[in-house]
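Student: Listed here are the chains, written in short residue letters.
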Amino acid sequence: MFYFENRQIVTPGELLAEGDYIAGSNTYKEGLKIYASRLGLVEYQGKTVQVIALNSVYIPSPGDQVIGKIEDVNVYGWAVDINSPYKAVLKASDALNKPFKQQKDNLASFLDIGDLIFAKVMAFDRTIDPLLTIREPGLGKITQGQIVKVSPAKIPRIIGRKASMINLLKKETECKITVGQNGIILISGPSPERERLAILAIEKIVQEAHTSGLTDRIAEMIRREKGEKI
Amino acid sequence: MSGRIRLIDENGLRVDGRKPNELRPIKMEVGVLSNADGSAYIEQGKSKILAAVYGPRELHPRHLALPDRALLRCRYHMAPFSVEERKSPAPTRREIELSKVIREALEPAVFLEKFPRTSIDVFIEVLQADGGTRCAGTTVAALALADAGIPMRDLVVACAAGKVDGVLVLDLNDLEDKEGEADLPVAYMPNLGLISLLQMDGTLTVDEFKQALNLAIDGCKQMYKMQKESLKARYVAIKEEVEEEIDSCLQP
Numbered sequence: 001m002f003y004f005e006n007r008q009i010v011t012p013g014e015l016l017a018e019g020d021y022i023a024g025s026n027t028y029k030e031g032l033k034i035y036a037s038r039l040g041l042v043e044y045q046g047k048t049v050q051v052i053a054l055n056s057v058y059i060p061s062p063g064d065q066v067i068g069k070i071e072d073v074n075v076y077g078w079a080v081d082i083n084s085p086y087k088a089v090l091k092a093s094d095a096l097n098k099p100f101k102q103q104k105d106n107l108a109s110f111l112d113i114g115d116l117i118f119a120k121v122m123a124f125d126r127t128i129d130p131l132l133t134i135r136e137p138g139l140g141k142i143t144q145g146q147i148v149k150v151s152p153a154k155i156p157r158i159i160g161r162k163a164s165m166i167n168l169l170k171k172e173t174e175c176k177i178t179v180g181q182n183g184i185i186l187i188s189g190p191s192p193e194r195e196r197l198a199i200l201a202i203e204k205i206v207q208e209a210h211t212s213g214l215t216d217r218i219a220e221m222i223r224r225e226k227g228e229k230i
Numbered sequence: 001m002s003g004r005i006r007l008i009d010e011n012g013l014r015v016d017g018r019k020p021n022e023l024r025p026i027k028m029e030v031g032v033l034s035n036a037d038g039s040a041y042i043e044q045g046k047s048k049i050l051a052a053v054y055g056p057r058e059l060h061p062r063h064l065a066l067p068d069r070a071l072l073r074c075r076y077h078m079a080p081f082s083v084e085e086r087k088s089p090a091p092t093r094r095e096i097e098l099s100k101v102i103r104e105a106l107e108p109a110v111f112l113e114k115f116p117r118t119s120i121d122v123f124i125e126v127l128q129a130d131g132g133t134r135c136a137g138t139t140v141a142a143l144a145l146a147d148a149g150i151p152m153r154d155l156v157v158a159c160a161a162g163k164v165d166g167v168l169v170l171d172l173n174d175l176e177d178k179e180g181e182a183d184l185p186v187a188y189m190p191n192l193g194l195i196s197l198l199q200m201d202g203t204l205t206v207d208e209f210k211q212a213l214n215l216a217i218d219g220c221k222q223m224y225k226m227q228k229e230s231l232k233a234r235y236v237a238i239k240e241e242v243e244e245e246i247d248s249c250l251q252p
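Chains as they are written, first to last, in this note's numbering: chain A, 1 to 230; chain B, 1 to 252.
Keep in mind that the hints were calculated from the coordinates and are not lab data.
One thing to keep in mind: the hints can contain errors.
If you want the footprint, here are the derived chain B segments under chain A, 3+ residues with CB under 8 Å [stated by the list, open to error]:
# : region
1 : 106 to 118
2 : 232 to 240
Some chain A residues judged to face chain B by a derived CB distance under 8 Å, without partners named [stated by the list, open to error]:
# : residue
3 : Gly-13
4 : Tyr-35
5 : Ser-37
6 : Pro-85
7 : His-210
Cβ-Cβ distance ranges computed for the label pairs, FRET-style [claimed, not checked]:
#  : chain 1 : residue 1 : chain 2 : residue 2 : range
8  : B       : Arg-62    : A       : Lys-141   : 23 to 31 Å
9  : B       : Thr-203   : A       : Asn-6     : 49 to 57 Å
10 : B       : Ala-233   : A       : Thr-48    : 24 to 32 Å
11 : B       : Lys-100   : A       : Ser-109   : 49 to 57 Å
12 : A       : Met-1     : B       : Arg-62    : 44 to 52 Å
13 : A       : Asp-20    : B       : Thr-203   : 44 to 52 Å
14 : A       : Gln-144   : B       : Glu-85    : 56 to 64 Å
15 : B       : Ala-237   : A       : Glu-18    : 28 to 36 Å
16 : A       : Arg-7     : B       : Thr-205   : 50 to 58 Å
Yeah, the Cβ is synthetic: ideal placement off N, Cα and C, and Gly gets one too.
All chains should be built: construct the whole structure from the sequences, respecting the hints.
Tutor: Here it is, written out as structure tokens:
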């Protein structure tokens, strides 16, 4: 038995379903009852009951692509801030394209404190700090563009179903948009106006993330703004 | 009763005109601070309290980190201007105790084990005090935790009951608390039916205690509805705005 309609807002502790169902993300089960554990939108999909959080911190997960900032340079590698409660580690062997020699290689000349990187999370099991790598095509140091920070919970909405939203943004604003799963987005476009337009659209998505028909409204907004300015 | 203030008048009403089982007027708002991860504000009668939550975040100093769960830290603080005579801003014994008590009231509701080695920091700032601030502080802190997107078993809601002039009353104000015979603050998780804080000051018979406890739990249930509404209100408002926008686009 379901107690809510799909996509209704629920608060922690609210009874979502009773019976033979599976407790999905942001829910917990006691006996046959499934309760919400976070503020969010409820979703019933077949036997699964889950809540899509409206706000959350970023918890690393292997395979995620993130944007991070170099916080410290050590003898073996770098400490990286990835907008998460857990500080990430990037080992020199996962960054350099050659064998790492402690006596010869000066790590600070490769990546220094304050540099931004686009990296992939290799491993994280909550007992050790997350490990990053940049030894893959498309990853590495960020040299240009603007950074936007949003709540990590809104990232799936910015990407959209089958990447529909992000493709729309890329097409309409002609910007290169790199989305980090940790809520940091890199935008580099042909002109500052176009970059501003992309940022404006992202802010609107974040603000209205829990409403329906968002993709169409964003498309309309971008076209309207473009008509006025360009 | 000579020389003392009458707390219940001949019509059975209290000093602020309430019935014995009536709450003070309550206003709750969520998401009032943009720099905190989660925040909330409550006005309960003349008491005004602001709560801010940060986290889960990296814990400093590091040696306090717990290997299996997050550390919940709580600071209850009264602003120097919150009471009639200026209160020194340094934490008093009472504030340190209330910080601990509120932390312990919130702890069972939060899934701390989901964020090992991190900290969740709760700041409760009393802007204006008129009794019942430990309860209102707990209620508003739970709202701020939910707003920060921290996983919780249930919201925590707190309310006091007590006895003044021989009558059991709900939600005592400062005067009733000081002049009355007993005060019984209760923090409650309504969906789970669990009590996470129970204190008593003064004297009650066993029978009165049972009645007062039920009265306080009834008060908690009323406030719980308001808590849920205020959490949803913020997002519902945006939703309605958007729907209006769509409607106005379709009109011409």
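Student: List, from low to high, the hint numbers that the structure doesn't satisfy.
Tutor: No hint contradicted; all consistent.
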